[in-house]
Amino acid sequence: MSTMQKTIEFRVEDKFSKITLAVGLIALLLGGFFGLIQLIERTPYMPSIVPPKTYYTILTGHGVLLALVWTTFFIMSLAVYIVSRELRVNINKTLLLLACILAIAGTFSAALAILLGKAAVLYTFYPPLTAHPLFYLGLVVLIIGSWIFAVAIFHAYLAWRKNKPSTSIPLATMGVLTTLIIWLEATPPLAFMVLKNLVPMSLHYTPVDVLESRTYFWYFGHPLVYFWIVPAVTLWYYALPKILGVPLFSEKMAKIALILFIVASTPVGLHHQFVDPGISNIYKLVQTIFTFIVATPSLLTAFNIVATLERAGRLRGGNGVLGWLKKLPWGDPVFAGMTLAFILFGFGGISGVVNASFILNYVVHNTLWVVGHFHITVGTATTLTFIAASYLLIPVLFKREVASMRLARAQVYLWFVAIAIMSTAMHIVGLYGVPRRTYDVTYGGQIPSSWIPLLLAVAVGGIVLVASGALYQAIVWRTIFGGKRLEDHIDVVNEATLASPTILDNLRIWIIVAVILIAVAYIPTFLEIYSRGLSLVPPLTPEGQILG
Amino acid sequence: MMSQEEVRLEYLWVIVVVSMLSAFIVSLVYVGVAKGFWTPEEVVTCDVKKLDEFIEPGIRELEPGVYEVNIVARRWFFEPGSTQPIVLENPRKIIFRITSADYIHGFEIVGTPVNVMIFPGYIAEVEWIPPKNLQGEFLVLCNEYCGIGHSNMRGILIIKR
Ligand code: HEM
Ligand SMILES: [Cu+2]
Ligand SMILES: [Cu+2]
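As given, the protein sequences belong to chains A and B, one line each in that order. For the first sequence, numbering that gives the first Met the number 0 begins at 0 and goes up steadily by one. For the second sequence, numbering that gives the first Met the number 0 begins at 0 and goes up steadily by one.
A few of these clues could be false.
In silico contact screen, one side only, chain A against chain B (beta carbon under 10 Å); selected entries [stated by the list, open to error]: (1) I39; (2) T42; (3) P46; (4) L115; (5) A119; (6) S249; (7) P276; (8) I278; (9) T287; (10) T295; (11) V440; (12) S534; (13) P541.
No lab work stands behind these hints: they were computed from the structure. All residues carry an ideal CB built from backbone N, CA and C; glycine is no exception.
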């Protein structure tokens, strides 16, 4: 039995992980560079360096490359590694190859449209703003690639399940499956809308209804957030206890949290549309309640992780109310990066609750507050956790030692400080009304004076963030191409020892519950939109030309 | 393994979380039902090609202190607002009726809670009761990306007392 296990090879799986990781890293590099340009352009007193059209092209690139490409590709890389190692199964090669080709081709097509300046529609691509068809088709192909990827992973999981019918799902794999289930809940209606409305709009100038399209977009937009967060949560649950040499405080609580993410992450998209007219307050309120339900697993995670850290700190001789904190391995970039990301996630949760609080949304909607919010969530809770994880994953996949652990440590702390400054300033100045997605915040000299000092603070934090990102890129590429070779590699994810399954392992039940909640939340909303009758408007280019 | 004490703490935390979130929900419903604070929902659909049949830009005083402000947002100005300032004397209640002739725009009055999305094809209606002593000049801006002229899209609201 154990000799059998040793002979499984993961050549194709690891190749897939390496390629997708590399694509993700390149997206992070380019997206971060775009962030720097945005920062310079938006800061008062700084010279204007690009014309408006270029600014919005760059902003589209920043959103697409960071929020969609970097995250999705890193997640695919991580998912294959976790599932193959933790379950010790091979993943279907043909499906992996197909997923890889489609995902890269789709990304390439959308990126090409953006970089040629034909898709300055931002990563939310609300109609009637219109981009080149390559942009929409690229997105659809990327989504189809991701579905094939999900099939490959579930196929492997079911094969494992057949051999091990009476064991519970190992935690990290459960995290991966949760992530994919959320993605499968979120994407089909989006793909439907893009094919039904946006592709015809861009090919034949067919008119569209904006409220309908936006509602489909945000149906997808919120579970997308959990698609980013759940893998980070999974890494905290899995890797932090491993690094500390203690068990997770409560594995049961962790699984309950994952299940709550499955059931409640989708029926909540209307909280992005609070200030959209045309949707009943009652439906918005129902989805607000679901939103507070989906805040629960994050709060459970917070407790579980802090309790795990405390347990480890006390075992290492820490005592007193907070004395255990000092005993934790803060010098280890993997531990420090993940834990700092976890801490900032707490603040992201707090500002998220504000965003979700119905009428409070008036004060923050489309202001820089929101930008502050997602730079500490997807921009840090997710991104810094992935960065920290990559310091483990890259040596294993590429069989190279990290070029410099000292610099890696500096890099994660720098990120933390930078984001703390940038995001705090963004949150505050957002309350003063500074809009997001704006080329020029001076408003022809009418800029309120309260905005200026805080916008300068945003710039300071942003510059440090770019420095941390640049340092990260230097470390990873140096590692991949010139790191010291590691002879025998160690798996950082091991086959799990397993208990018997409980209702928490019965994914089918939870998927059914999720579908019911989605129906409750969205059927009335779409009935309202369709029974009022759509109001079609002609598409326009970003330059203002009416099409058709 | 968890000790009994730890299990108790875990349950306690679940209770704290559930009560906190319930309190948030109750307070949101309360301010809606009891105080009348809701999000915008009213719309009528309209034909962007024949907007003048549906809305006439300008200010109407419905009764003393109650104003209806009809605004058309188009690339890249508000009419009124950018074309000429919106001037209101001693407003008690302001009803904005707003639509767009082209893209999705945003209508934000800086420093106030007025913040609403404006859709082509839909006329939105939102009400604002400004604080009694509020006066002065307010920056009005578009806060939803609407093509390359987006950041030029601004206007002025003046409240006189
Ligand atoms: C490298 C350092 C970074 C800097 C300096 C930076 C800066 C900015 C700025 C100034 C904006 C607002 C632009 C505007 O609204 O006009 C922005 C938007 C955004 N950023 Fe970043 N950012 C950085 C990294 C990241 C990371 C790592 C992520 C996520 C993984 C991220 C995700 C986003 C998203 C999703 C938007 C919204 C785009 C939109 O409104 O369409 N950023 N960023
Ligand atoms: Cu959301
Ligand atoms: Cu605009």
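Here is how each hint holds up against the structure:
| no. | hint | in the structure |
| --- | --- | --- |
| 1 | I39 | violated (15 Å) |
| 2 | T42 | violated (14 Å) |
| 3 | P46 | violated (16 Å) |
| 4 | L115 | violated (16 Å) |
| 5 | A119 | holds (7 Å) |
| 6 | S249 | holds (6 Å) |
| 7 | P276 | holds (4 Å) |
| 8 | I278 | holds (6 Å) |
| 9 | T287 | holds (6 Å) |
| 10 | T295 | holds (6 Å) |
| 11 | V440 | holds (8 Å) |
| 12 | S534 | holds (3 Å) |
| 13 | P541 | holds (4 Å) |
Of the numbered hints stated above, those contradicted by the structure are hints 1, 2, 3 and 4, listed in ascending order.
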